[in-house]
Amino acid sequence: MSLLATSSLGITIGTTTVCSGLELTINKGERWCVLGRNGTGKTTLLHTLAGLRPPAAGTIALNNRPLLHMSRKPVAQQIGLLFQDHADTFPASVLETVLTGRHPWLGPWQWEGCRDVAMARDALQAVGLHNMEDRMVNTLSGGERRRAGIACLLTQDPQLLLLDEPTNHLDIHYQIRMLDLLAKQVAHNSKALLLVMHDLNLAVRYCNRFLLLFGDGETIQGTVATALTQANLEQLYQHPLQAIPGPHGMVWLPQ
Amino acid sequence: MPASDMTRAFILRPVALLGTLLLLTLASLLFSLASGSVAVSWQDLLAIFPGTTIDGGNDLAGRVVLELRWPRTVAAFITGALLALAGGLMQVLLRNPLADPYVLGVSGGAATGALLAMLAGLGSLWLQGAAFSGALISMLLVFGLSHGSGSWTTSRLLLTGIVIASGWGAIIGLLLAISPEQGLRGMLFWLMGDLSSSGFPSSGFPILVIGLVAAMAIGRTLNILTHGEQTAGALGVNVRPLRYFIYLLASLLTATAVTLAGSIGFVGLIVPHMLRLLGVRDHRLLLPAATLLGGSLLLVADTLARTLLAPRQLPVGILTALVGVPVFLLLLHHSRTLHGEAR
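Note that the protein sequences, when read in sequence, are chains A and B. Going by this note's numbering, the first residue of the first sequence is number -5, and it counts up by one from there. Going by this note's numbering, the first residue of the second sequence is number 62, and it counts up by one from there.
Take these hints with a grain of salt, some might be off.
Taking CB as the label site, the calculated pair distances span [unchecked claim]:
hint	chain 1	residue 1	chain 2	residue 2	range
1	B	H394	A	L100	35 to 41 Å
2	B	L87	A	G136	30 to 36 Å
3	B	L390	A	G122	48 to 54 Å
Stretch-level coverage of chain B by chain A, calculated; a stretch enters the list once three of its residues show a Cβ under 8 Å from a Cβ in chain A [as the list claims (entries may be wrong)]:
hint	region
4	80 to 88
5	282 to 296
6	351 to 358
No wet-lab data here; the hints were simulated from the structure. As the structure is a computational prediction, the values presented were derived from the model and not from experiment. Think of the CB as a built atom: it goes at the ideal place given N, C-alpha and C, for glycine as much as any other residue.
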């Protein structure tokens, strides 16, 4: 059974058509990557799939139920979204911020219990922030803040994880460590992943499905073999690329 | 994970904080009741309340306390509590730490109503009705106008509110300019906030209780909203109805406070921040704590306002700032929150 399925999905931002007639089916165990140039609507697509923005046309089904008719809470139990940026206006500690991930699972008068705190601490451990739970989030470095956001997503524990440029601000070690962690979540807990990424080589290494947005409503989807051809990628990025065989598949270098 | 950590963070701290604030509330109530031109001893105070059997010697003290000081004391506490609660809500709604209960024009509408009533020479009941109506009109005006083409964004709400508030400011200035000399003093006192004409706030108390319960019911959701509307949406919060609810709740609390005592500044802005500087960030704790602290602060300020230069009474708004500014600066100076350490 598909986790998320779109039918004739059309999305527009102003005069830009992100996609039209998009039939996207995300199954458990799949790791999707959305590729496209700046401003082609990758983030808007993510927000639409999370139900935060109504589509211009078409429908989205979450576990065969129409997403837009569901109330927000059950949606948030199944779809989690890591935003590109974090807006921290008010002071909050790292642990408090990560605990917000439990919100969809708690009743209106219910307080976070031992189990919720344990989940948050496990997530902080997993992203390497276990000794920083009392720090204020606005004092974290960009990379630490990013990892706190990923920990929050893990604490939310949704079936489908949507991540908007998850490796932003991360050093090489944490880029690999975070993507390993996410891939493990998919493999062990039968989840699914949809990433927006600009690093083609990390995408090739960690994803098994690709969606290319061309910015004019055209899309291509498929596997590494079918979607990530030299012609497709050069047309996508409007830039000549060179492919070199590497340990995880092709390594793409801009010329 | 050690269980003691949990106990400390989730049970002991709230109990200790709210317990301390309850004691502070009690102390400020007694301070207010005992202070004034007629000396009332602590023994007299204790004797007056439980039995209310007033013997010959305590007669004057008993009447002063029960008829004069008690209504004003309650009015001051409730006004402060309403303002602090409304301020805490408004700051989350606008996601702006500088927001206060008056920023969206509720007090301007109330002041216009009140000044019109004074200009017409109407009695205090009419004045209260006019102030409350003005506040409601302003609240609905801002609510309606801030809907653009379907969107109800924070910046749009803030801009609409600020513009409407300046509009009220102009009307208030006009009313002051055309009103006769002898009425000006009363008007200026009302504008600065004045509890001397407040009766027993029979409607204020239930509104405060209902407002606090309603705010507590959305407490965890408010915590989520401080992380941004989009984040809140992704975490399962239905953001738009929630924001309507917060706006209406905060406006209603403000309207009630302004009707009781005019526009008393400072309390609604500063009290939530005092608690944030003390490390209170969870709104399920911050809002009840702000209610108690706001009430106590205004009560102490009002007691000083009516006793410092007695028999002359000062506008309480001056005293809230005089008491609050040093306390706030002290907290700011000692705050570790700004240096990145929680608790």
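Worksheet item: Which hint numbers does the structure go against, in order from smallest to largest?
Response: 2, 3, 4 and 6
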